[in-house]
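There are 2 protein chains.
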Amino acid sequence: MNKKINRKSFFKGIALGTISLPFLIRACGGKNVAQNITAPNILSAKKYRWKMVTTWPPNFPVLGEGCNLFAQWVNEMSDGRLAIEVYGSGELVPGLQAFDTVSAGGADMGSGAAYYWAGKTPAAQFFASVPFGMNAQQLNAWILCGGGMQLWEELYAPYNLVPMLGGNTGVQMGGWFNREINSLADLKGLKMRIPGLGGKVLNRAGGTAVLSAGSEIYTNLERGVIDATEWIGPYHDYVMGFHNIADYYYSPGWHEVGTALEFFINKKRYDALPKDLQVILQTAAARLNIWMLSEFEAKNSIYLRKLVEEEKVSVRFYPPEVLAQLRSFTEEIITEITDQDPMSKKIYDSYQKFRQGAVKWSELTEKVFYNNLQI
Amino acid sequence: MNKKINRKSFFKGIALGTISLPFLIRACGGKNVAQNITAPNILSAKKYRWKMVTTWPPNFPVLGEGCNLFAQWVNEMSDGRLAIEVYGSGELVPGLQAFDTVSAGGADMGSGAAYYWAGKTPAAQFFASVPFGMNAQQLNAWILCGGGMQLWEELYAPYNLVPMLGGNTGVQMGGWFNREINSLADLKGLKMRIPGLGGKVLNRAGGTAVLSAGSEIYTNLERGVIDATEWIGPYHDYVMGFHNIADYYYSPGWHEVGTALEFFINKKRYDALPKDLQVILQTAAARLNIWMLSEFEAKNSIYLRKLVEEEKVSVRFYPPEVLAQLRSFTEEIITEITDQDPMSKKIYDSYQKFRQGAVKWSELTEKVFYNNLQI
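As given, the protein sequences belong to chains A and B, one line each in that order.
FYI, in our numbering the residues of the first sequence are 1 to 375.
FYI, in our numbering the residues of the second sequence are 1001 to 1375.
Calculated directly from the structure, the hints in this document are not laboratory data.
Think of the CB as a built atom: it goes at the ideal place given N, C-alpha and C, for glycine as much as any other residue.
One or more of the hints may lead you astray.
Stretch by stretch, here's where chain A covers chain B in the computed footprint (C-beta under 8 Å, at least three residues) [unchecked claim]:
no., region
1, 1284–1290
2, 1310–1323
Straight-line Cα separation of at most 30 Å, DSSO-like style, residue types lysine-lysine; simulated pairs [to be verified]:
no., chain 1, residue 1, chain 2, residue 2
3, B, Lys1047, A, Lys275
4, B, Lys1353, A, Lys275
5, A, Lys312, B, Lys1353
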């Protein structure tokens, strides 16, 4: 940088955050004193205003609220230097355009769940939810400490995106039905709102997976356009009011045993941040991860009680043999995916290897824990 | 502040971080331009050097490493403005003096597990581990989203400490034995290294709980000074080499079903920090929380395989009737504690109420998940 500056360009330098502390000191007439001065973050005093596009309705309970919390923590930690404006689905772009929008630089970051992008790159769904796959504790361990994150970064790199883990729903519920499921025959002809791999599995079982936007599910179920729907868990399901129009609430959510939520950040924008703001983003995402699973656990416990005690909802379990058959269809479908797509094979191999170790470990720990609970 | 300053006091001002941006601009000769400049964090450019005393041996796997990671993240996020030096047990003070040291201001923060302080305030143990109590997912939910944190803050306030959740081990293992445990009779006369509430439960079952420092356990078990020991899980147990001197490895760790780790921060030092650094500490602790459980899950899976496949360790399960009896002793002991200490009663009531809801919820979700695993 040219040391001969006029005052105007000097202040411009501060405003753009490109000015270094030694330079500032020289400009102010300082000499050797510079070495003794420690005010490192003047270096990164540039202010960034980011847009986050999300796949959630604005302020959607837990998921949208989590994005707001994330933005708040980032703003607080950066002392206002990284201000993120959160847009609900449709406010800036439709929710399912979030990935492409951020990829192209139309927004700086986005929030979603990776299975939404399975149509672009099938392996994405392994970073959100696999039917009969890993739950929150296992999936977090694989992604954060078992090599999953490196694969995810590799998968999103061609889209100019940096992925971050940003939450988990925990094991979801299996959905609301107007008929009992006693055998696989009861799934035949069943029209059910169920997206993703779970929907493919239902189709293979003889049902018909229907896609409905969240806002249409209630009316479709009430009018018999669909016979069943999955959603999330007691808290969100209660708010939707499904207990008013469906007879049975099924456990477990075999299709979503611990769905991970994600952030995806435009790589150029991320790389342009100073290191402190990059780590602030990573750390805020991790805080959201633990907060979200905790919030789901706390709220679902409360709303399950409401549904059962106040609303007299009848909870049922999928019969084990139905689950076994659905699992077998799941394996078929995943094999078809990994046979066709080398990246899916590479990632699912890592997923499965980790899962096998985690299952063995859980047989001595979490499984024994849950089977010995008394209240 | 006096506007007529000489250069020496000006630089002193920057070094101490007390100088404001408008002041800096005036000192450099700027005038109206000041309004257009946004560099908010120059306000908080003061540099803090903190000491963290821990209850772990220096760089102890996962737990001590986690403290190092925490310090690194805080340093990176604050761009060096909050530099935390981590001291292992005995490096500055003995591990079990960490709480008193930070309380008195002899260090700025500490890392431990709250049950270490049960002698000072019995309710502390409810924030670490309760035999047959809540696992990691449930305990996180209670503390972060179920009102637990407010109670914890209330409990530590008289000690001038601010608590933060900073990790979880997950369900631990039940320990290494040189005799089989087929009935409660096999616990009678058993000398076992087992601290805390678990030790009290063993005593009530007719055994003898022995306290040994980590460094002495191996020799004591080898020489028959003790008949059994618990430690953590496969990763740490493997490193200790217990499989070389004990015949049976028991599941589950009924006494530690999800032990929480904690930070405790001197309240005056915490309150003296600018808001951005306070949120940076909170957020780094949350990141450590999710990292630690993930790291335990990943490492324990790998080392369980080593123990079973390479070292041919014989894994056994406590018989259900032994677990039921140990649970009954646990309930007796907790009732005695809550009868004597109103704060323990207040906190345990909250703990139990949350737990009851979480158990009901887990019966439809995590329990069904773990019972339907196949690999």
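Between the alpha carbons of A/Lys312 and B/Lys1353, is the straight-line distance 30 Å or under? Roughly 21 Å separates the two Cα atoms, so the pair holds.
Check whether the Cα positions of B/Lys1353 and A/Lys275 lie no farther apart than 30 Å. 43 Å, violated
Quick check: do three or more residues in the region 1284–1290 of chain B have a beta carbon closer than 8 Å to a beta carbon of chain A? holds (count 5)
Counting residues of the region 1310–1323 of chain B with a beta carbon closer than 8 Å to any beta carbon of chain A, are there 3 or more? This one holds; 4 residues, not fewer than the three required, reach chain A with a Cβ under 8 Å.
Are the Cα atoms of B/Lys1047 and A/Lys275 separated by 30 Å or less? 18 Å, holds
Hint compliance for this structure: hint 4 alone is broken.
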